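Starting from the structure of chain A, add chain B where the hints point.
If you read the sequences in order, they're chains A and B.
The end of the first sequence is residue 159 by my numbering, with every number in the run present.
The end of the second sequence is residue 159 by my numbering, with every number in the run present.
Just so you know, the hints here were simulated from the structure itself, not pulled from any lab data.
As the structure is a computational prediction, the values presented were derived from the model and not from experiment.
Misleading hints may appear alongside valid ones.
Claimed, not checked - Going by beta-carbon spacing under 8 angstroms, a handful of chain B positions derived as facing chain A:
1) 47
2) 95
3) 109
4) 144
Don't be surprised by glycine CBs; every beta carbon is placed ideally from N, CA and C.
There are 2 protein chains.
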Amino acid sequence: MEELERRQGFMRAAIELAQQSVAGGGGPFGAVVVRDGTIIGRGHNRVTLDNDPTAHAEIVAMRDACRTSGDFRLERCELYVNCEPCPMCLAAAYWAHLERVFYAATTTDAAASGFDDAVIYQQLCMPAPQRSIGLTPLLRDEALGTFSAWQDKQDRIDY
Amino acid sequence: MEELERRQGFMRAAIELAQQSVAGGGGPFGAVVVRDGTIIGRGHNRVTLDNDPTAHAEIVAMRDACRTSGDFRLERCELYVNCEPCPMCLAAAYWAHLERVFYAATTTDAAASGFDDAVIYQQLCMPAPQRSIGLTPLLRDEALGTFSAWQDKQDRIDY
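Next comes chain A alone, as it looks inside the complex (with noise of 0.2 angstroms):
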């Protein structure tokens, strides 16, 4: 009980975030990252105010949690955010080495508001050749090298 409680003042904390974001002229989004009991980091959305189509509120906050702890993995973390994330923030999270997500809305109540993330997901499940971004290969070999660089590089940091 005490844990739900604690876990509800967390999501607060973000429908909060998304209302004060609405009130400031960012998109009706908020999220914050949770480390050990604590926020570590918060955000909202800022994509027309920042011109930025990737400052979605839980990019903006897993970044402060990064800035914050000043490392590139957010283990042992949770975010909490006012809507179901979309697949850029999703895979984000992965990246990030979330632990888990709490979230309000769904995708469905998104959608009804103009935010479509589905057909996002449905763009990225299809084979490449049906996408209605197209993807192109082009020199491969000329890029290679790149990677073998990166892998003989003694003193490279592994991410």
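This is chain B only, laid out in the frame that chain A set:
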């Protein structure tokens, strides 16, 4: 033929950025955004340099192009990247309304160097309960008011 040469030139610029990235301590990825035959955005991987798990070359290049053009949409733009995009970057391309993506190395080449995008594609295309990052609903009812506030906002900027 002239068009192919022009495109190869843009791809070589992306490969060059990837090579510079390895030399400078970033991951082996580079990208450029092109509109009307001109490069308007450049990026290389900065994940470990900036402690930002979302700073893939494509995201950095798209953010740069948006900053340059003062717009959160990259309509009529092409992305050139030295490797097939991961799902985070491809989803970002959809949000940015990019027109087309050219890539050199494949996700299989990237996996051989330790960058396993395929796993994340698989995760996104699974039903949520089967994913390794748990997605748990919480307080949906409390979140819906934010979407109503968004829809009621007269001066909202849709994106």
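Here is how each hint holds up against the structure:
| no. | hint | result |
| --- | --- | --- |
| 1 | 47 | 5 angstroms, holds |
| 2 | 95 | 4 angstroms, holds |
| 3 | 109 | 6 angstroms, holds |
| 4 | 144 | 6 angstroms, holds |
Consistency note: the structure conflicts with none of the earlier hints.
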